[in-house]
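Chemist: We have chain B already, so just place chain R on it with the hints.
There are 2 protein chains.
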Amino acid sequence: MIMQSSIEKFLDDLASGAPTPGGGSAAAIMGAMGAALVSMVCNVTIGKKGLEAVEPEMNALRGQSEKLRTRLQAMVAEDVAAFDALMAAYRLPKVSDSDKLRRIEAIQSSVRAATETPLDCARACSAVIDLARRAGEAGYSGVISDAGVAVLAAYAALRSAALNVYINAPSLKDREFAGRVTAEADHLLESGAHRSEAVYALVRGRVG
Amino acid sequence: MIMQSSIEKFLDDLASGAPTPGGGSAAAIMGAMGAALVSMVCNVTIGKKGLEAVEPEMNALRGQSEKLRTRLQAMVAEDVAAFDALMAAYRLPKVSDSDKLRRIEAIQSSVRAATETPLDCARACSAVIDLARRAGEAGYSGVISDAGVAVLAAYAALRSAALNVYINAPSLKDREFAGRVTAEADHLLESGAHRSEAVYALVRGRVG
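First to last, the protein sequences are chains B and R. Numbered per the working numbering, the first sequence spans residues 1 to 208. Numbered per the working numbering, the second sequence spans residues 1 to 208.
Chain B with its partners taken away, still in its complex shape (with noise of 0.2 Å):
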C-alpha cells in the first residue's frame, strides 16, 4: 500500500503526527534510493563505448541491486506493520492477571520484531555501500556522482536504521538477543563508516 502512495503523499504523512509512517521507513527508502542509484549506474554503463570490459561486472552488480531494492522496498511496509503491531500490544487490556501476562508476552514479541526490522535493513544497506564501490570505481564517468548518491544514502539509511534498533533494544526482556543486536548493529556501523567514506572519497576524486 504504501509503496503506491504518491512521493508526496508520503511525505505529508511522514511529517503527520501519527506514529507510522516514520523514521523506519524513511530509512528502507533511503536504502532503496541507494540500490536504484547503483542500478542506475549499471544500466548507464552497460552499452556504452569503451566500456564493453567492464560489462559482465555491470549485469551481475545489477542483478545484486535490484535483489536488494526488491528486498528494502518491502522493508518500508515491514517497518509500519511492525511498529503497528507494537502500539496494539501496549493497547492490550491489563486488568486480570493472565491479561497482564498474555499483554507483555505480546509486547515483547513486536519489540523482537521492530528490532530484527531495522537490523535486516542495517544489513542490506550495508551490502548496497560495498555495490555502490563497484559502481563509483569502474561505472561511466558520467554517472559517477549517482554512485556517490547511493553510498550516501545507503551510509544515511544504515545509521538510521540502527538508530531503530538502539532505540528498541533496551525493552527487550531477553537481553542476550538485545546483546546480540546491538552489537551486530554496532559492527556494521563502525565497518559501514569505513567502507561508505572510502566510495565517497573514490568518486569525490573521479568528479574531479
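Since no wrong hints were added, every one of them can be taken at face value.
Just so you know, same-sequence chains aren't split out, so a pair can sit in one copy or run between any two.
Straight line, CA to CA, 25 Å or less: simulated BS3-like cross-link-like pairs of lysine-lysine:
#, residue 1, residue 2
1, K173, K94
2, K94, K48
3, K173, K100
4, K48, K67
5, K49, K94
By construction, these hints were calculated from the structure, which means they are not laboratory data.
Modeler: Chain R only, in chain B's frame:
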C-alpha cells in the same frame, strides 16, 4: 508530476538508464524526508503532557520545517528540469558558426542552472540540520530516533547535492561564478559535517 508518482514508480525510474530522475532528485527527496521528520517530532511533541513549555517553540520549528519541506519538494522537479534542459542544449545543432555560438550559450546557461539547483538544495538541507538539532534537544523522547533520522537524511542530502555542484562546476566558463559556488558548497559541507554529527551524538545519547 514526479511528486505525484508512486514511491515504487519513482524508484523504478531512478534505477533505469534514463538520465532523469537521478541523484539530484534523490537528494531533494532525502532532504524533504529530513524536514518531514522534524515536523513529525514537532507534531508528536505538541500537546504532550509535561512538554507544554516547549510547545510555542515546537510550533515555530514546525513552521520552518514545513517551509523547507515545500521548498525541497519543489526541487525534485527543478532538478529534473535543469538536467533535461542541459541534455537538450547539448543536442542543439552545431553546423554553422552561429549554431555553435547559440549552442555554447545554451549549454552554459543550462550548466549554470544545473549548478545553482543543487547548491540551493544544499543550503536548504543545511537549514534542516539546525532544525533537527532543536527537535532532538526538546522533542518528545518517544520519537527522538526520528530526529536522528531527520539529521542523517538532511546531511546525506547535503553531501549528495554538493556532489552535483562539484560535477557541474568544471563545465562553467564563468570561472568566478564556478569558484564562488564551489567555495559555498565546500563551506556548507564542512559546517554540515560538524553540526550533523553533534545532533547525531545528542540523539544517540537520548536513545540510550
